[in-house]
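*Asks:* Chain by chain, the residues run as shown.
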Amino acid sequence: MGRYNTAMAKQHLLWIDGVGGFLLGMEFPLALGNAQAQPLPDVPLQACLGRRHASIDVGAEGFVLVRGEGQVSVSGKPLGQSLLLADRARIQLDEYCDLEFRQSVPGSGAGRLEILRGARLLYPIRTALLFTEGFTFAPAPRDGDGVIPGLRQSVTLFRTRQGLELRRKSPTGGVTKHPLEPGKPAFLPDLCVTWEVVG
Amino acid sequence: MLSETAHFRHHFGDEPLPGYTVKVGLGKGAFGEVYLAVNRGGKAVALKLLTCAFAEDEIAATRQCINFKNEHFVEIFDLVKGPDGSTWVLMEYVLGDTLAGILQSEGRLEKTLAVAWFRQLAEVLHALHLRNILHRDVKSSNVFLEEGKIKLGDVGLCTPLEPAGKASDASQGIGTAEYGAPEVDEGVYSPRTDVYAAGILLYEMLVGDVPFRADDPDLFAWERKESIRRQHHDDYPDLTKAPREFATVLGKALAKNPAHRYPDMKTFAQEVELAARGPATVAPQRAPTPKVQAAWVGDLASVLVGAGGASFVLALLASALLFQGDWSSVLAWWLLTLATSWAIIIPGRTWEYSERGNGRRRLVLAGQGVVLGLLAAWLQGYRFPGMDGAETAAWAPAAKSWESALFPLGTLPALPIAPLWGLPLYFAAMLGLLRWWVDVHERRPVRFSLMSWLATVLVAYAFLALLPVAADRELAFFTLAMTSFAVQVASPCREVVTPIVRRLRLEGY
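Here the protein sequences come in this chain order: A and B.
Residue numbers 1 to 199, in my numbering, belong to the letters of the first sequence in order.
Residue numbers 1 to 509, in my numbering, belong to the letters of the second sequence in order.
To be clear, the hints were calculated from the coordinates, so they are not data collected in a lab.
One or more hints might be untrue.
[Said to hold, decoys possible] Here are some of the chain B residues that sit facing chain A, going by a computed Cβ distance under 8 Å:
{"id": "1", "residue": "23"}
{"id": "2", "residue": "26"}
{"id": "3", "residue": "27"}
{"id": "4", "residue": "93"}
What you are looking at is a predicted structure, and each value in this text was computed from that prediction instead of being measured.
The beta-carbon is built from N, C-alpha and C at its ideal position, and this holds for glycine as well.
Starting from the given sequences, assemble the full structure and let the hints guide the process.
*Replies:* Below is the structure:
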C-alpha cells in the first residue's frame, strides 16, 4: 500500500468515493503548523509556518482559534489571544497561507477547515473535518455539516470509544450503524467510505 | 448519483497498476473512471481507467497531448496497460475544485476574477492551437482550480488540426451540448470551435450559468441534448445578463458563423481584457483572417456558381416551353434569374441568421429588388434616357403569349403610373416581403422545400394579379418561380437524419 512520508504521529483520513479525501480533526486543541515539525502538528501544512503556528480549540460557544507561535489574522484583522470562529472566517497564517472555516450550524460541534491557497497538507487533501462527536453529510447544505450532492439520505460520521462509525436513520425509525475499520472500505447503498490511519 | 459513485471498479487499497495504490474514486463518466492514487514514493496522481467503447479514440487523443506542457494544463504522465489488459492514463492530480463546482456554490464570479481566469484559459488553449491541437471539450467541469490558477484537463476529445485549419477527426456533434458551436453538428471543427466554447465559459463565469439549457425534467437525455443543440443554432444568448462591457466580446465569440468569431484565443483574450477596462477601450472588431476568409468566400462562391447553373437549366427549360429557340430570351431570363438568386444568396448566407428583427434585412432586399426590376425592364427593351441615342423613356411592355393564360381572370387595370416602375415595384415587394434567408440558411432541414416554393409562387401570382401597373407579368412570375427553385437547390443544408439515427448519434453511437 502507498505510504506517506510522515512522522509516526497518528492522523486520521477519510476517503469517500466520488467525493474525495478529508483529514479528521477530533482531538482538541488541534494544532496548525509546519509539516516539517516534529512531532507532526495535527494539521500539517507545507508552508513557512511555525511548529505550532496556531490552534483550534472547542469552547462553550463553538470552535475558537487560539494564537500560537506565529502571526495570525482572521478576516483581515490580527488575532489577539483567541477568537470564536464564525462561518466563512478567513484565517491567514503569516502572509501567504489562507484557510477558511465553514460551519453550517453556528455554535455546533462540527465544522470544516479548507485550505484556500499558500499551503498544502501533507496528503492530497484540502479539507479538514473538525468535530467533537459527529459530522453529518447531507445532500443539501441546510441539512448537515457537509454536503455530498446526490446522497439519498444524510449520514453521520460518529466518534465512538472503539473508533469511528457511520450512522444513518433506518426506515423503521431506529439508527443503522456501520462501524469503520481502518483501511477497509465500508459500503453503504449510496456511499463507499474508508477510514485510514496514518503514522 | 452516488449509488453509481459507490460502485467504482477499484477501491481504497487496490493496486490496479503496479506501484500505484488507489485512495479514492474521484469521478465516473461515459469515458471511464478517475481515481486518486499514490505511488510508492507517496506522490499523488490521477489514474484514469478507460472503459468506454471509444477507448481507442481517447488513447489517440491522449497521445496528442502527452508531451504538451503548460502551467495551465493538467499534465499527462503516461498511458499504460494494466495487468488485466485495461488501459490507464496517468495524470497530474489537481488538488482543487472544478470551475463548475465553484460556480455552483458561488454563483457568478466577480468580474476581475473571471477575466483573470479567462486569461489563463485562453493562454493554454492558444498554446494547444499553436501546436495544431484542438481541445473540443472546453467546459467548466474540465477546468480545475489549484492555488488560484486554472488548469485545463480532460484531453479525451483532443484532435490534431489539418494544415487547412480543419480537424482531422470530423466526428459529428462530439463534445458537450451546452458548449458546442453550431458547426460541430456538421463535423466542422477549427480553433473557432474552441473560441465558441471558451465564450460560453466566459458567459458562465460572468452570469453564473450557461446561456442555453433544457431543464425540463420530463425530457429524455437525448431530447434535452437536441433541444440545447437547437438553441445553439437558432437562439441568441441573453447578453443583458452579463456585465454590459462584455456584451460585444461575448456576442462576437458566440457568433453562429465561425467566420464572424475571433480568429484565435489570443485575440479573444486581448479583447476581453480591453472590455474589462471599460467600454471606451473596446477595440474595433477585426476582419476574419485571410485563411478563414478564403474558406468562407470559397463556400459562398460555390453556392453562387451552383445558383448560376441551376438558373441556366431552368431558363433553358422555360425557353423550350414558352418560346422555342429564342436565345436572346433565354439569355435575358437566365441573367435575371441569376441576378435575383445572387441578390438573395449573398445576404442570406453572410448575414447572421435571425428569427426576429429582420427589418434591415428586408429593407436591403427590397432595395436590391428595385435594381433587379430596373434590370428586368432593361432586358425587356426599356432604354433609359441617353442609352442607344434614346432621348425619352417612353416604353410599354409588350403583351406576352403566356400572360393571358397565366391570368385568365385578367388583372387590375393599370393606374397612371409609368410602366417602368411596375417591375421594380414587384421585385422590391417580393424580395422584401418573403423570408428568402430561410430558403438559403445552412441549417434548414431539407434542401428543397416544395411548400416554400409553392408559397413563393402563390404570393408572386397574387401580387402580379393585383399589381396596378403595367409590367411584363410573364417574365416577373417565372423569374421568381425559377429563383425560388434555384436558390434552394444551390444552397447546402444540414444533413437530413432520421429520428432514430439522430437519437443514436446523440447517445454517442
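*Asks:* Give a verdict on every hint.
*Replies:* Taking the hints in turn, this is what the structure says about them:
The closest approach between the C-beta of residue 23 of chain B and any C-beta of chain A is roughly 6 Å, which is under the 8 Å cut-off, so the hint is satisfied. Given hint, residue 26 of chain B at the interface with chain A, holds; its Cβ is 7 Å from that chain's nearest Cβ, closer than 8 Å. A distance limit of 8 Å between C-beta atoms decides the matter here; for residue 27 of chain B the minimum to chain A is near 7 Å, and the interface restraint holds. About 6 Å separates the beta-carbon of residue 93 of chain B from the nearest beta-carbon of chain A, less than 8 Å, and the hint is met.
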